[in-house]
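S.K.: Chains P, D and R are the protein sequences, given in the same order. FYI, in my numbering the residues of the first sequence are -14 to 635. FYI, in my numbering the residues of the second sequence are 3 to 304. FYI, in my numbering the residues of the third sequence are 1361 to 1588.
Check before you lean on any hint, since a few could be wrong.
[Said to hold, decoys possible] Each computed EDC-like pair below joins lysine to aspartate or glutamate, with the alpha-carbon atoms no more than 20 Å apart:
| # | chain 1 | residue 1 | chain 2 | residue 2 |
| --- | --- | --- | --- | --- |
| 1 | P | Lys583 | R | Glu1459 |
| 2 | D | Lys245 | D | Glu42 |
| 3 | P | Lys351 | P | Glu427 |
| 4 | R | Lys1513 | R | Glu1579 |
| 5 | D | Lys23 | P | Asp307 |
| 6 | D | Lys269 | D | Asp249 |
| 7 | P | Lys377 | P | Glu427 |
| 8 | P | Lys613 | R | Glu1552 |
| 9 | D | Lys203 | P | Asp307 |
| 10 | P | Lys43 | D | Asp249 |
| 11 | R | Lys1446 | P | Asp149 |
Think of the hints as simulated: they come from the structure by calculation, not from any bench.
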Amino acid sequence: MLSYFSTFAQSSFGLNGMLGISGESFTSMNSFEYNPSNYSVIKDWGFSFTYGGEFAEKLSSNLYQITTAKKFKSHFFSLRYTPGYQKEFVFRSATSTGDSTNEQINLESKYLYKELFGFGYSYKINKDVSVGFNGRYFKQDFTEEIITAIFSDTLYLVKESDVDNSDFWKFDLGLIWQPHDKLIFNFATRNLLIFKNNLENQSNNKFEIKTNKSIIIGINYNPTNNLIFNLNYESENSFLTGFTYLIPINNNKIGFAFSAFPDAHQKPFIAGINPAVIFISKYFDLSLTYIKYFSDRTTISSYSDFTENGISNILHNKYSYDKLLLTTNFKLNTIAEQRAKILDIEIENNIYPALSDKYMDTPIAKAKVLNLTNEFIEVKPLMSMNGISSNKFQSPIVSIAPNDTGDINYYLSIPEDYSKVNPEIVYADFYINTVNDDFDDEYQKPILVNSINAWDGNVHNLKYFVFRDMDFSIKYAKAILAKHKPEIDTLTDATSDFYKAKIIFNAFIEKLTYTSDPRASVEYVQYPKQTLELKGGDCDDLSVCYGSLLESIGIETALVDYKNSSTVKHVNVMFNTKLLPQQAFLITGNDTKYFIRKNELGIAEVWIPIETTSLSDFESAWILGSEKFQTEAINEFGLLKGMIEIIDVN
Amino acid sequence: MKKYILYILIGIAVVYSGCDKPSPTELINDPHVSENLDLEIITKDINNEFYSNGFDTSGITVDIRNYASIISVSGIKLTRNGRTDNISSALTFLFDKSKPFKYNGTILGYNTITPGIIKFNDVTARLTNYRVRYREGGVFIDTVLGKKYELFNINGSLFNDQFTFPYNSSIAFFYNPFIGQSMSFDISTPYEITGNVQFVKTQNQNNFNAELNWDAGNTNKFSIIIGGIRTSNEQNFPFFRIKTRDDGHIVIPNSILKNIPRNIFGKISFTFIRKFDKLTNLQNTDLYVVSQSIHTIIVEIP
Amino acid sequence: MIKFILFFLFSIVVGYAQSFDVEKLSGNVKILSSGDETWQQLKPKMKLDGNTIISTDINSSVTIKNDRIRFTLKESSAITVSNLKKISLDELLMALAMENVLNTPRKKGSNKSDNTAVYGDKISSNTLTTLQSNDFGVKRINGAKQLVDNGLKESAIITVQEIYRKYPTTKKDTNTRIYFSDILFELGLYEEAYDDYADISKTLDLSNEQKNYINEKLEQISKKLINK
Chain P
-14 MLSYFSTFAQ SSFGLNGMLG ISGESFTSMN SFEYNPSNYS VIKDWGFSFT
36 YGGEFAEKLS SNLYQITTAK KFKSHFFSLR YTPGYQKEFV FRSATSTGDS
86 TNEQINLESK YLYKELFGFG YSYKINKDVS VGFNGRYFKQ DFTEEIITAI
136 FSDTLYLVKE SDVDNSDFWK FDLGLIWQPH DKLIFNFATR NLLIFKNNLE
186 NQSNNKFEIK TNKSIIIGIN YNPTNNLIFN LNYESENSFL TGFTYLIPIN
236 NNKIGFAFSA FPDAHQKPFI AGINPAVIFI SKYFDLSLTY IKYFSDRTTI
286 SSYSDFTENG ISNILHNKYS YDKLLLTTNF KLNTIAEQRA KILDIEIENN
336 IYPALSDKYM DTPIAKAKVL NLTNEFIEVK PLMSMNGISS NKFQSPIVSI
386 APNDTGDINY YLSIPEDYSK VNPEIVYADF YINTVNDDFD DEYQKPILVN
436 SINAWDGNVH NLKYFVFRDM DFSIKYAKAI LAKHKPEIDT LTDATSDFYK
486 AKIIFNAFIE KLTYTSDPRA SVEYVQYPKQ TLELKGGDCD DLSVCYGSLL
536 ESIGIETALV DYKNSSTVKH VNVMFNTKLL PQQAFLITGN DTKYFIRKNE
586 LGIAEVWIPI ETTSLSDFES AWILGSEKFQ TEAINEFGLL KGMIEIIDVN
Chain D
3 MKKYILYILI GIAVVYSGCD KPSPTELIND PHVSENLDLE IITKDINNEF
53 YSNGFDTSGI TVDIRNYASI ISVSGIKLTR NGRTDNISSA LTFLFDKSKP
103 FKYNGTILGY NTITPGIIKF NDVTARLTNY RVRYREGGVF IDTVLGKKYE
153 LFNINGSLFN DQFTFPYNSS IAFFYNPFIG QSMSFDISTP YEITGNVQFV
203 KTQNQNNFNA ELNWDAGNTN KFSIIIGGIR TSNEQNFPFF RIKTRDDGHI
253 VIPNSILKNI PRNIFGKISF TFIRKFDKLT NLQNTDLYVV SQSIHTIIVE
303 IP
Chain R
1361 MIKFILFFLF SIVVGYAQSF DVEKLSGNVK ILSSGDETWQ QLKPKMKLDG
1411 NTIISTDINS SVTIKNDRIR FTLKESSAIT VSNLKKISLD ELLMALAMEN
1461 VLNTPRKKGS NKSDNTAVYG DKISSNTLTT LQSNDFGVKR INGAKQLVDN
1511 GLKESAIITV QEIYRKYPTT KKDTNTRIYF SDILFELGLY EEAYDDYADI
1561 SKTLDLSNEQ KNYINEKLEQ ISKKLINK
C-alpha cells in the first residue's frame, strides 16, 4: 500500500550514483539535476550515456540520456538529450450505455510527461567561482478518451480522443564556490523561470508537473583524496546525502558511492538509497547505479491521489520504480594536458628598443616554471609583444626534472626596422610550451616600450647606440678619410689609428654644436646618424657618434662613464691607439696624456681619452679628456671607487 | 582519437538497440469512488414524439410496462424561467396483463383495472384516465387504456388534492379492495433534493461543461436525466440517464451536450432523482413501489 | 681583499695635490704643464699644478714646497707634481688594488671579438726601438726614489707602478725592482712585497748575490706571514 505523501521529491537527484559536486567527471556531465550551475571539470570534450532498466511489473530497459559537453577556455557548454526521462500514467474508465445492448464502452486516459532535452552553460570566473545556468525542455501530453453523444436521426454514443498538451522551458541558475581545495559549496535555484504553453482544457491543469520554486544548497567535502562527502539541502525540506570512496589503481580509480535521500514529504524518512560502483580512468568513466525506493512501488496507484498531488519530477517521484543504471562518460581531450606551470615571473617592465642587442643576451623576463609531470620535460619559452612584432620570439629550450622547478629565460628580439619615436605600453604575452602547439601556461603583462632614442642611463647600454646605423657611420668615416688620403698615406703603421682618429674627430667636430638633452625625464640618446644630421648633441650623443665613427674604421673605443654623483653625469670616449707604451712618444711627449690598458692577450696598449664635448679640435679634446681622466680616475682613485668606469663598446 | 570516436559510436549503437518505453503507472479509482460515467440512452429516436415509457413530469421514470402494478410517490420540484414549482404526486397503476395494447406489434401498454379504493396518508386517490399517445400516419392519437389512481398538488394549492409529499419521512398506503382483505403499509421517502446547474466554459474554446451540484444524500439510487425541451411543443424529451454516486457533484462533459440539435431543442433539462424503490406483492401480483425526490431544472442551452 | 678595501673607500679623504711654489732652483730644470707638448724652463716663482711634470738635467735640482710638503728633486730625475702627496697605508693598499684593476687584461665582448687576429699582426709589425722614451722612464724612476728620500714612501710605490706601466723597460731593472720591493717590505706590506720579490726572481736574470738576497727576503716574509 502506498503511503500518502506529497511529491516534492529531491530535484537534485541524478542517475550517476556519485552525486554532489567534485572534481570527477560524473559531477560535470549529464546532470542538470544536481549540477544546475553546469559546473565543469571536463577539459575539452565530454560524452555521456546512461542506459538502464526499470523494475516495474516487467523489466523495461531504456536509454536515459546522451550528453555532449565542450569546454572553451573558461566557457563550458553541454547539451543533453533525454529520451528516457519520461513517465506515463494510464487511467482506465468505462461508460455503460443503458440501452438494449447494455454494453460498456471502455475509456483510457493517458498522462505522459517527458523531458526531451536541455542545455547548460557555465563560466568559470576564477579558480574558485563558477556560475552557470541550464534550460530544459519538457513536454506534457494528456490524452483522454471521452464519450460523445451524436444526435442524428438516432441518438448514439461514440468514443473520441481528447488530446491536450503543453510544453515548457525551465531555466535555473547555479553557482559553485570552492573556498578551499577540500570544500565546494553549490547554490542553485529550482524552477526559477518557466515559460510554457497553456493547456487547452483548464480541467487538465491539475495534471501538470508541479513547479514550485525553491533553492538548493549543497556542501561537498573531501577530507582525503579518496573520500568525498556531499549533502544537498532543498528549501522544501528534502535532503540528499552521500559519500564516494575511490581507490586509485594504477592511473585509474575504482570506488563506490552511496547516497540516501530523506525526503520531508515522503515516507519512510529515508525514501530510498542509491548505491553505485564506479570506475574512473583517463578516457572514460563507468558507474553502475542502483536506485532503491523503500516504499512499495506497484504499477497501480490511486487516481484521486494523482489528480490531487500530481508529480513535480519526471524521473524521481513517488511513482518511480527501482532502477539499475549504467552510465558511461567519455572524456576526449584534444587539448593537451597542462604539463608545466608558471609559478612566478620576473619581468623587466621598461624596454629600450635601442638596446635590442642587449635583449638578445639578457633576458627581459625570468620565469620559474614547475614541471607538473613525472617525467623530464623540455620547456620551450615563447613570447609575443604586440606593437614590437607580430611574431612570437622563441627563447632557448630548458629541460626540467620531474616535479621540479626550472628557470626559464625570455629573450626579446627587436626588429631592425623598429623606429617608433614615442613610447607606448604594449602587452607582452609569455608562454610556455612543452609537447605540442598548445600552451601549457601563459602570462600577460603590460610593458613600457620606450622611444627608439630612449636610454636607461646605464652607460654600458650606450654601446648599443654606437652600433646602430653602422653602415652610415662607415660611409661617413670613410668619406672623411678619403678626403685626407694623401696625409694618411704618409703615416707609419704604428700611428695610423691615432691620426685617423684625429682626422675624423676634427672633421666631424667642425660641424657640430653642443646641445643639452631635449628631454628631461627620460634620457634621450641620438643615434650617430641623427647627431650628424641634427649637427649637435649632448655628451652621450657626441660620445656615441664619435665612438661609432671610430669603431666603423676598426678603432677600438671605450666609453668613460663619470658617475660622480655631485655633478651631472658625464660620458666621454677613450680609444686604443694600438701603440705599445714604448711607442707613446710617437704621439706625445707628455706621459700624463695617455693610459696603458692591456688587451685580452695581456699586451699593454696606449689609450687616450677624448672629451668629445670640447668641440674645438682634437688636441684640446685630448688634453681635456686626459686631464679629467688623470685627475678623477687615477689621482682620486675614481676607477677603484667605481665612480668612473671604462666600458668597451665592443 | 578516431579509435575513441568509434568506441562511442559502437556504444551508442548498442545502447539504442534495446529501448523500451518505461512502464506506465496504472491509475485506478479508489474502491469507494466511482467516477465511471454510467450513461444510458433513454430514447434513441429523437424524432419519435410518441413515448410510452412513462416518463413525464409526474416523475415516473421507469418503464411501467414491466410490472403488474406500480405505486409511485414523488416530491417534485420544477425549476424553469427562474421559478420553482413544488409538486406532490402519488400514483397507482394496476394492470391487467392479459390485455395488452399493441400498435404495429409493439406493446404500448396494458389496460388498467380499479378493483378498490386507494388512500395515501388518508387521502383517497382519484381515478383519472390513463392515456397513451402514438402516431399513426403523421397524426397523434390518444388512447385511454383505463383509469389510474392519482393524487396531485402543485405548490400546496387548495384547489388540488390535499396531498403534500413528505420528504425524509413516510407515506401511509392504504388499499381496500372491493373483494378481499384491505391492506396497508408505509412508503418511506427520500431526502429532498435541490440541484443546481452551471455551464462552465472551457478554456480556449466555445465549449462548455455542465457542472451539476446537489445536496448530497449518499443514497444508493441516484440518477440524473438529461433531456431536451422541444421548441415545438414545450415537451420534455429525455436523452440520457446518468447513474452516479449521490455525492453532490458531477461534470457533464461538453462531448455529451455539444451535439444537441438546437433547432429542435431550445432548452435542456436536468432532472435529479433520488429514489427508494422496492418490489413487493399485491394480491399475488408483483407490485413495484417507488418513492422519489425529484428536481428538474430547465435551462437555456448556452 | 679588494672588496674589503672598497668597504672603506668612502671614508677615505684623498689629499688633493695642492699647487707648489719653487723654493730653490739650480741648473737646468724644465716643466711640462698639463696637456702640453713643449717643455718650458722652470723659473722661480712659478706655480706648479698637479698634472705638471718636473724634469731635472744632470747637476740640476729643484726644491718645491707647499704648506704640507717640501720636496727636493735631484739631478736626472722627473716627477709629476700630483705624485707629491702624503697618503696613508690604507690609501696605498687601495691604490695597489687599482693597479690590479688597470693591469688586468680587458675581456672582449663575447659575441664580437672579430679583430683579435688583426691585433697580432699589428704588434708584430711594430718594431720600433724605444730608447728615447726609456731615458725619460729612468728619470721617472729616479724621481720616484726621491719620493722615498723625502718620506713619501707610499706615494713612491704608487708612482713607480705607473712608471712600470708606461715605461715597461724600467720594470726590467733588477736593482730598481728590489729597491721598491724593499720599500713594500719596510711599509709592512709583506704579501705585496712577497709577490713583488717572487715576480723579480721569476721574470728577471739575477746575480747570485741578488738571488740570495731575494730568497732571504722571501724567507723572512714567509716567517712573518706564518707568525701573523
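S.K.: Given the hinted pair Lys351(P) and Glu427(P), is their alpha-carbon gap at most 20 Å?
M.R.: Status holds; Cα separation ~13 Å.
S.K.: Is Lys23(D) close enough to Asp307(P), meaning Cα to Cα at most 20 Å?
M.R.: holds, 15 Å
S.K.: Would the hint linking Lys43(P) and Asp249(D) be met if the CA-CA limit is 20 Å?
M.R.: Status violated; Cα separation ~38 Å.
S.K.: Would you check the hint for Lys583(P) and Glu1459(R), treating anything up to 20 Å between C-alpha atoms as holding?
M.R.: At roughly 12 Å apart (the allowed maximum being 20 Å), Glu1459(R) and Lys583(P) satisfy the hint.
S.K.: Against the 20 Å threshold, does the CA-CA distance of Lys269(D) and Asp249(D) hold or violate the hint?
M.R.: violated, 26 Å
S.K.: Mind checking the alpha carbons of Lys203(D) and Asp307(P) for me, to see if they're no more than 20 Å apart?
M.R.: With Cα atoms ~42 Å apart, Lys203(D) and Asp307(P) exceed 20 Å; violated.
S.K.: Holds or violated: Lys1513(R) with Glu1579(R), Cα cutoff 20 Å?
M.R.: violated, 23 Å
S.K.: Taking 20 Å as the top limit, are the C-alpha atoms of Lys377(P) and Glu427(P) close enough?
M.R.: Cα-Cα ~13 Å, so holds.
S.K.: Given the hint that Lys613(P) pairs with Glu1552(R), test it: the Cα-Cα distance must not exceed 20 Å.
M.R.: Violated - the C-alpha atoms of Glu1552(R) and Lys613(P) are around 29 Å apart, more than 20 Å.
S.K.: Taking 20 Å as the top limit, are the C-alpha atoms of Lys1446(R) and Asp149(P) close enough?
M.R.: Given pair Lys1446(R), Asp149(P) is violated - Cα atoms ~117 Å apart, limit 20 Å.
S.K.: Lys245(D) and Glu42(D) were given as a pair; does the straight-line alpha-carbon distance stay at or below 20 Å?
M.R.: holds, 8 Å
Violated hints, listed in ascending order, are 4, 6, 8, 9, 10, 11; each of the other numbered hints is respected by the structure.
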